[in-house]
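Asker: Each chain, letter by letter, is given below.
There are 2 protein chains.
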Amino acid sequence: MIAKTIRTPYYAVVFSSVKTGEDNAYDEMADSMMELARRQPGFLGAESARNEVGITVSYWESLDAIKKWQAHPAHQIAQERGKENWYEKYAVRICKVESDYFFEK
Amino acid sequence: MIAKTIRTPYYAVVFSSVKTGEDNAYDEMADSMMELARRQPGFLGAESARNEVGITVSYWESLDAIKKWQAHPAHQIAQERGKENWYEKYAVRICKVESDYFFEK
Numbered sequence: 001m002i003a004k005t006i007r008t009p010y011y012a013v014v015f016s017s018v019k020t021g022e023d024n025a026y027d028e029m030a031d032s033m034m035e036l037a038r039r040q041p042g043f044l045g046a047e048s049a050r051n052e053v054g055i056t057v058s059y060w061e062s063l064d065a066i067k068k069w070q071a072h073p074a075h076q077i078a079q080e081r082g083k084e085n086w087y088e089k090y091a092v093r094i095c096k097v098e099s100d101y102f103f104e105k
Numbered sequence: 001m002i003a004k005t006i007r008t009p010y011y012a013v014v015f016s017s018v019k020t021g022e023d024n025a026y027d028e029m030a031d032s033m034m035e036l037a038r039r040q041p042g043f044l045g046a047e048s049a050r051n052e053v054g055i056t057v058s059y060w061e062s063l064d065a066i067k068k069w070q071a072h073p074a075h076q077i078a079q080e081r082g083k084e085n086w087y088e089k090y091a092v093r094i095c096k097v098e099s100d101y102f103f104e105k
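Protein chains in written order, with full-length UniProt numbering: chain A, 1 to 105; chain B, 1 to 105.
Hints were generated in silico from the structure; no laboratory data involved. Check each hint, because a few of them may be wrong.
From the structure, some residues in chain B lie toward chain A, with a derived Cβ separation under 10 Å [claimed, not checked]:
#1 Ile2
#2 Thr8
#3 Ala25
#4 Tyr26
#5 Asn51
#6 Trp69
#7 Phe103
Subject to a maximum C-alpha distance of 20 Å in a straight line, what follows is the list of computed EDC-like cross-link-like pairs (lysine to aspartate or glutamate) [to be verified]:
#8 Lys105/B with Glu98/A
#9 Lys96/A with Asp64/B
#10 Lys68/B with Glu80/B
Residues of chain B clear of chain A, computed beta-carbon distances all greater than 12 Å [as the list claims (entries may be wrong)]:
#11 Ala12
#12 Ser16
#13 Glu28
#14 Asp31
#15 Ser32
#16 Met33
#17 Glu35
#18 Arg38
#19 Phe43
#20 Gly54
#21 Glu61
#22 His72
#23 Ala74
Where is the CB? At the ideal position from N, CA and C, for every residue including glycine.
Kindly generate the complete structure, drawing on both the sequences and the hints.
Answerer: This is the structure in structure tokens:
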């Protein structure tokens, strides 16, 4: 679903990845990380889709909230397992959302 | 694929959408818009995936390049058709990419 976010400015983390194919409990970890992210202070929402490339965009109130989430011990472990097992490559882009526009039928 | 972008800062447009199900030449329009975008000044790359929600992130050198692309006549027509036919809802978020990190095995 499309995340309902707050008035700009807020922050986004764009995580784009290509997987190795070693699936090895990937979905369980991805789901558990998303549940954990939702409980972090400053989390606003997230959107995710995967075909050849996977894209997860999470939205946050501040850069500080993003830093704390990136440093969360369980997230650190997931990041290590991601590099060892699941991801062929990825990009993380930390963004300030300066303006937004929503359309709904 | 994961876009190869320039040194930060640069800009990103996160386009998140839910489709109506009326397909009506959607893929042709989406492909043709992506080809056209690639030829615009300041375009750096794009990433795209769709499941329940579709996410396309395009990267640009400047806000000005984004404004020009949004105002491009062929893109305007595509945007109108998108609202009329293809999209149940969408969000467009204009972002400044402040930092990035790349991993490759």
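Asker: Next, verify each hint and record whether it holds.
Answerer: So, going through the hints one by one against the coordinates:
Nearest Cβ of chain A to the Cβ of Ile2/B: about 5 Å, under the 10 Å cut. The hint holds. Taken as an interface hint, Thr8/B checks out: its beta carbon lies about 8 Å from the nearest beta carbon of chain A, inside 10 Å. Taken as an interface hint, Ala25/B does not check out: its beta carbon lies about 19 Å from the nearest beta carbon of chain A, beyond 10 Å. Look at Tyr26/B: its Cβ only gets to about 15 Å from chain A, farther than 10 Å, so that hint breaks.
Contact between Asn51/B and chain A, as hinted, is supported at the beta carbon level, the nearest pair being about 5 Å apart and thus within 10 Å. Against a cut-off of 10 Å between C-beta atoms, the interface hint on Trp69/B is violated, since the closest Cβ of chain A lies about 14 Å away. For Phe103/B, the suggested interface contact is upheld, since its CB lies about 5 Å from the closest CB of chain A, less than 10 Å. As the CA atoms of Lys105/B and Glu98/A are separated by approximately 33 Å, the hinted pair breaks the 20 Å bound.
About 17 Å separates the Cα atoms of Lys96/A and Asp64/B, which keeps this hinted pair within 20 Å; it holds. At roughly 17 Å between alpha-carbon atoms, Lys68/B and Glu80/B fall within 20 Å of each other, so this suggested pair holds. At the 12 Å boundary, the C-beta of Ala12/B falls inside the reach of chain A, the nearest C-beta of that chain being 6 Å off. Look at Ser16/B: its CB is around 5 Å from the nearest CB on chain A, not clear of 12 Å, so calling it non-interface is violated.
Even its closest Cβ contact with chain A, about 18 Å, leaves Glu28/B beyond 12 Å, as expected for a residue assigned away from the interface. Here Asp31/B stays apart from chain A, with its beta-carbon at least about 14 Å from theirs, past the 12 Å limit. No beta-carbon of chain A comes within 12 Å of the beta-carbon of Ser32/B; the shortest separation is about 19 Å. Separation of Met33/B from chain A is adequate, the least Cβ-Cβ distance of about 16 Å exceeding the 12 Å criterion.
Here Glu35/B stays apart from chain A, with its beta-carbon at least about 18 Å from theirs, past the 12 Å limit. For Arg38/B, the non-interface assignment is confirmed: its Cβ lies about 16 Å from the closest Cβ of chain A, beyond the 12 Å cut-off. Distance to chain A confirms Phe43/B as a non-interface residue, since its nearest Cβ pair spans about 16 Å, more than 12 Å. Non-interface call for Gly54/B relative to chain A: violated, since the shortest CB-CB distance, roughly 6 Å, does not exceed 12 Å.
The claim that Glu61/B is not at the interface with chain A holds, since no C-beta of that chain comes within 12 Å of its own (minimum 15 Å). Residue-level check passed: His72/B sits 17 Å from the nearest beta carbon of chain A, beyond 12 Å. With a least beta-carbon separation of about 19 Å from chain A, Ala74/B lies farther than 12 Å from that chain, consistent with its non-interface assignment.
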